[in-house]
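Taken in sequence, the protein lines are chains F and W. Under this note's numbering, residues 8 to 275 are what the first sequence spells out, in order. Under this note's numbering, residues 265 to 532 are what the second sequence spells out, in order.
Hints should not be assumed to be uniformly reliable.
Claimed, not checked - Derived list of chain W stretches under chain F, where covered just means 3 residues or more per stretch with a C-beta under 8 Å from a C-beta of chain F:
| id | region |
| --- | --- |
| 1 | 340 to 350 |
| 2 | 379 to 393 |
| 3 | 397 to 408 |
As the list claims (entries may be wrong) - Where chain W lies over chain F, by a calculated footprint (3+ residues, C-beta under 8 Å):
| id | region |
| --- | --- |
| 4 | 46 to 53 |
| 5 | 155 to 168 |
Unchecked claim - Derived SDA-like pairs (lysine to any residue); straight-line CA-CA distance at most 25 Å:
| id | chain 1 | residue 1 | chain 2 | residue 2 |
| --- | --- | --- | --- | --- |
| 6 | W | LYS408 | F | SER71 |
| 7 | F | LYS151 | W | TYR409 |
| 8 | F | LYS139 | W | PRO327 |
| 9 | F | LYS134 | F | ARG206 |
| 10 | W | LYS408 | W | PRO394 |
| 11 | F | LYS139 | W | SER332 |
| 12 | F | LYS151 | W | GLU446 |
| 13 | F | LYS134 | W | LEU395 |
| 14 | F | LYS69 | W | GLY389 |
| 15 | F | LYS168 | F | SER71 |
| 16 | W | LYS376 | W | TYR409 |
| 17 | F | LYS10 | F | ILE72 |
| 18 | F | LYS173 | F | GLU49 |
| 19 | F | LYS134 | W | ASP459 |
Source of the hints: derived by calculation from the structure; they are not laboratory data. C-beta: ideal position from N, C-alpha, C; glycine also.
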Amino acid sequence: MPKVKVNDVEIYYEEHGEGRPMVFLSETACDGEVWKINQVAEFARDHRVIVHDYRGTGQSGKPSIDYTTTMFAEDVVALMDHLGAEDAIIVGHSMGGRVAQLLALDYPKKVHKLVLASTGAHYPLTKGLPLKICKEMIEWGYEKYERDHTILVGWTDEYVKRHPEKIESYLKVRMHNLCPVEFYLRHLLARQSHDTSQRLADIQQPTLILVGDGDRNMTSEINHRMSSEILAKGIPNSTLVVLPDERHSYFFSNPDEAHRLIREFIKD
Amino acid sequence: MPKVKVKDGEIYYETHGQGQPFIFFSETACDGEIWKLFQVPEFAKDHRVIVHDYRGTGRSSKPSIDYSTRMFCDDAVAVLDDLNVKEAIVLGHSMGGRVAQLLALEYPERVKKLILASTGAAFPGPAGLPLAMCKEMIEWGYEKYVREHTIQVGFMPEFVRDQPERLETFFRARLGNICPVEFYLRHVLARQGHDTSGRLRDIRAPTLVMVGEQEGDPKVVMTHRMSSDILAKGIPNARFVVFAAQKHNYFASAPDAAHKVIREFLRE
Numbered sequence: 008m009p010k011v012k013v014n015d016v017e018i019y020y021e022e023h024g025e026g027r028p029m030v031f032l033s034e035t036a037c038d039g040e041v042w043k044i045n046q047v048a049e050f051a052r053d054h055r056v057i058v059h060d061y062r063g064t065g066q067s068g069k070p071s072i073d074y075t076t077t078m079f080a081e082d083v084v085a086l087m088d089h090l091g092a093e094d095a096i097i098v099g100h101s102m103g104g105r106v107a108q109l110l111a112l113d114y115p116k117k118v119h120k121l122v123l124a125s126t127g128a129h130y131p132l133t134k135g136l137p138l139k140i141c142k143e144m145i146e147w148g149y150e151k152y153e154r155d156h157t158i159l160v161g162w163t164d165e166y167v168k169r170h171p172e173k174i175e176s177y178l179k180v181r182m183h184n185l186c187p188v189e190f191y192l193r194h195l196l197a198r199q200s201h202d203t204s205q206r207l208a209d210i211q212q213p214t215l216i217l218v219g220d221g222d223r224n225m226t227s228e229i230n231h232r233m234s235s236e237i238l239a240k241g242i243p244n245s246t247l248v249v250l251p252d253e254r255h256s257y258f259f260s261n262p263d264e265a266h267r268l269i270r271e272f273i274k275d
Numbered sequence: 265m266p267k268v269k270v271k272d273g274e275i276y277y278e279t280h281g282q283g284q285p286f287i288f289f290s291e292t293a294c295d296g297e298i299w300k301l302f303q304v305p306e307f308a309k310d311h312r313v314i315v316h317d318y319r320g321t322g323r324s325s326k327p328s329i330d331y332s333t334r335m336f337c338d339d340a341v342a343v344l345d346d347l348n349v350k351e352a353i354v355l356g357h358s359m360g361g362r363v364a365q366l367l368a369l370e371y372p373e374r375v376k377k378l379i380l381a382s383t384g385a386a387f388p389g390p391a392g393l394p395l396a397m398c399k400e401m402i403e404w405g406y407e408k409y410v411r412e413h414t415i416q417v418g419f420m421p422e423f424v425r426d427q428p429e430r431l432e433t434f435f436r437a438r439l440g441n442i443c444p445v446e447f448y449l450r451h452v453l454a455r456q457g458h459d460t461s462g463r464l465r466d467i468r469a470p471t472l473v474m475v476g477e478q479e480g481d482p483k484v485v486m487t488h489r490m491s492s493d494i495l496a497k498g499i500p501n502a503r504f505v506v507f508a509a510q511k512h513n514y515f516a517s518a519p520d521a522a523h524k525v526i527r528e529f530l531r532e
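Whole structure, please, built from the sequences with the hints as guidance.
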């Protein structure tokens with residue numbers, strides 16, 4: 008499968024389908040595989056879907072240097088240049104939504120429309136590794152933390168109780184090629200230092216903001232429900248849609264509704 | 265044994281012996297027990313030795329709030345007040361030396377003489393939890409990290425090899441009542457946030473700066489060897505002693521040599 012060397016690091020990527028380019032950007036320290044559960048199949052029918060593994064994750068290079076969301080955005084831009092992809096629909100989930108904001112701001116030609124799913128503009132107080140996350144990773148171990156944290160923030164108690172086998176099938180993908188803990192921490196540092204809060208008014212593209220009504224877990228001082236409101240107020244041409252009875256991972260638990268909202272938004 | 269009430273809880277302390285008060289401050293997230301191995305028996309012969317457990321450690325309260333070295337300093341002043349001690353000899357090891365500097369700066373009338381052992385005025389580089397430490401704690405587990413890290417920075421390989429029973433005695437005291445990991449992290453954050461680098465020339469107390477010759481871990485940006493040099497140069501009335509063939513924990517590996525240097529300094 009293809010890799011391209013950009014900015015001194017090999018980036019693994021995949022393309023599926025034909026049509027207007029659609030780039031999916033994953034959450035913190037998560038490679039591109041999760042999009043292949045539901046979104047690639049749906050949107051590759053009429054789009055050129057591009058997924059990739061961030062530096063530090065999956066099959067991409069893992070240099071032991073400080074990471075930033077700017078660096079992740081530059082990797083995506085270099086990948087799009089390599090593929091000759093312009094004017095794409097960018098879907099960013101969680102940390103991926105922070106990278107997506109930077110693409111819209113710093114490389115507006117690359118971005119046709121923007122979908123910001125369960126994300127935010129900044130963490131104003133916590134620069135550096137959040138104590139709560141480190142404490143839990145140390146006490147529980149890395150893999151158990153990632154597993155338990157994904158379940159806790161991802162889905163309602165009701166969904167977890169009713170669909171244990173679905174949760175397992177998601178975790179199988181998420182945990183399959185989990186990045187070494189060093190790079191999880193480097194991604195966290197990149198996320199915590201991201202700040203586009205003063206630049207939201209400059210995002211010109213039509214923007215769809217999605218968030219689960221129950222996405223209220225506090226890993227730092229702001230939860231995604233709060234930060235999505237901030238995005239909606241700050242970005243001029245934006246629409247906020249709150250998904251009822253969902254937390255962080257509705258791309259998996261309620262893909263049909265997520266896809267319907269995105270299709271409605273991107274139809275020209 | 266006595267406790268003194270402070271704003272957020274209670275601070276546990278002990279006194280041993282009679283004479284000129286002599287207060288000891290431990291390293292990061294370490295309670296006062298460690299001094300009872302060698303220093304309490306030695307100096308209680310002719311001093312009123314005071315040891316205490318920092319907030320977050322030992323038998324003191326453990327409020328889940330942000331800690332600072334200033335807070336530790338004020339807690340110690342509460343202990344001195346409770347004992348009606350007007351003026352003491354102040355010895356601080358590692359993070360305890362940062363607290364001791366603040367005591368000398370903020371409460372100069374309480375500090376007769378100052379001993380700064382293997383410490384520094386500031387940590388250069390980014391604030392917050394250090395990535396390398398978090399990575400190792402997650403990969404190794406908390407207790408194993410403290411043990412391995414202490415061996416690595418604290419003792420010469422020959423000591424570890426030739427004196428296993430002395431090492432175990434040390435670890436029984438160090439790890440016997442180890443604080444929950446949350447408070448270890450809170451202590452690290454307090455240490456990282458400490459900065460007296462612009463104030464060293466205002467330290468008026470006669471000062472003894474001590475460091476192990478081999479405290480030069482090439483992995484860290486600022487070794488205790490370097491930071492001790494900075495202290496010795498920056499504090500007006502300072503003398504500087506380097507212990508040959510010692511690392512960070514010479515109070516346990518070479519107590520006689522450390523005591524001899526301290527007694528000479530106190531006689532002047």
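Hints and how they fare:
1. Evaluation of the coverage hint for the region 340 to 350 of chain W: breached, as 0 residues show C-beta separations to chain F shorter than 8 Å, against a requirement of three.
2. Check on the region 379 to 393 of chain W: 4 of its residues sit with their Cβ under 8 Å from a Cβ of chain F, so the three-residue criterion for coverage holds.
3. With 7 residues having a Cβ less than 8 Å from any Cβ of chain F, the region 397 to 408 of chain W passes the three-residue criterion, so the hint holds.
4. Interface restraint, the region 46 to 53 of chain F with chain W: violated (0 residues with C-beta to C-beta distance below 8 Å; minimum three).
5. Note: the region 155 to 168 of chain F has 0 residues with beta-carbon separation from chain W under 8 Å; the three-residue rule is not met and the coverage is violated.
6. Distance check on the hinted pair: W/LYS408 and F/SER71 sit about 24 Å apart at the alpha-carbon level, within 25 Å; holds.
7. Taking the CA atoms of F/LYS151 and W/TYR409, the gap is near 19 Å; set against the 25 Å cutoff, the hint holds.
8. Proposed proximity of F/LYS139 and W/PRO327 is supported: the alpha carbons are some 15 Å apart, at most 25 Å.
9. Our distance criterion of 25 Å between C-alpha atoms is met by F/LYS134 and F/ARG206, whose separation comes to about 19 Å.
10. At most 25 Å may separate the alpha-carbon atoms for a hinted pair to count; W/LYS408 and W/PRO394 meet this at roughly 17 Å.
11. Annotation: proposed proximity of F/LYS139 to W/SER332 holds, straight-line Cα distance about 18 Å (limit 25 Å).
12. Distance hint between F/LYS151 and W/GLU446 is fulfilled; the C-alpha atoms sit about 18 Å from each other, no more than 25 Å.
13. Restraint check: the Cα-Cα separation between F/LYS134 and W/LEU395 comes to about 13 Å, which is no more than 25 Å; the hinted pair holds.
14. Proposed proximity of F/LYS69 and W/GLY389 is supported: the alpha carbons are some 22 Å apart, at most 25 Å.
15. Taking the CA atoms of F/LYS168 and F/SER71, the gap is about 39 Å. The hint is violated against a cut of 25 Å.
16. With a C-alpha separation of about 37 Å, the suggested pair W/LYS376 and W/TYR409 falls outside the 25 Å cut-off, and the hint is violated.
17. For the hint pairing F/LYS10 with F/ILE72, the CA-to-CA distance comes to about 20 Å; that is within 25 Å, so the pair holds.
18. With a CA separation close to 19 Å, the supplied pair F/LYS173 and F/GLU49 stays within the 25 Å bound.
19. A hinted pair counts as satisfied when its Cα atoms are at most 25 Å apart, and F/LYS134 with W/ASP459 qualifies at roughly 18 Å.
The structure is inconsistent with the numbered hints 1, 4, 5, 15 and 16, although it conforms to all the rest.
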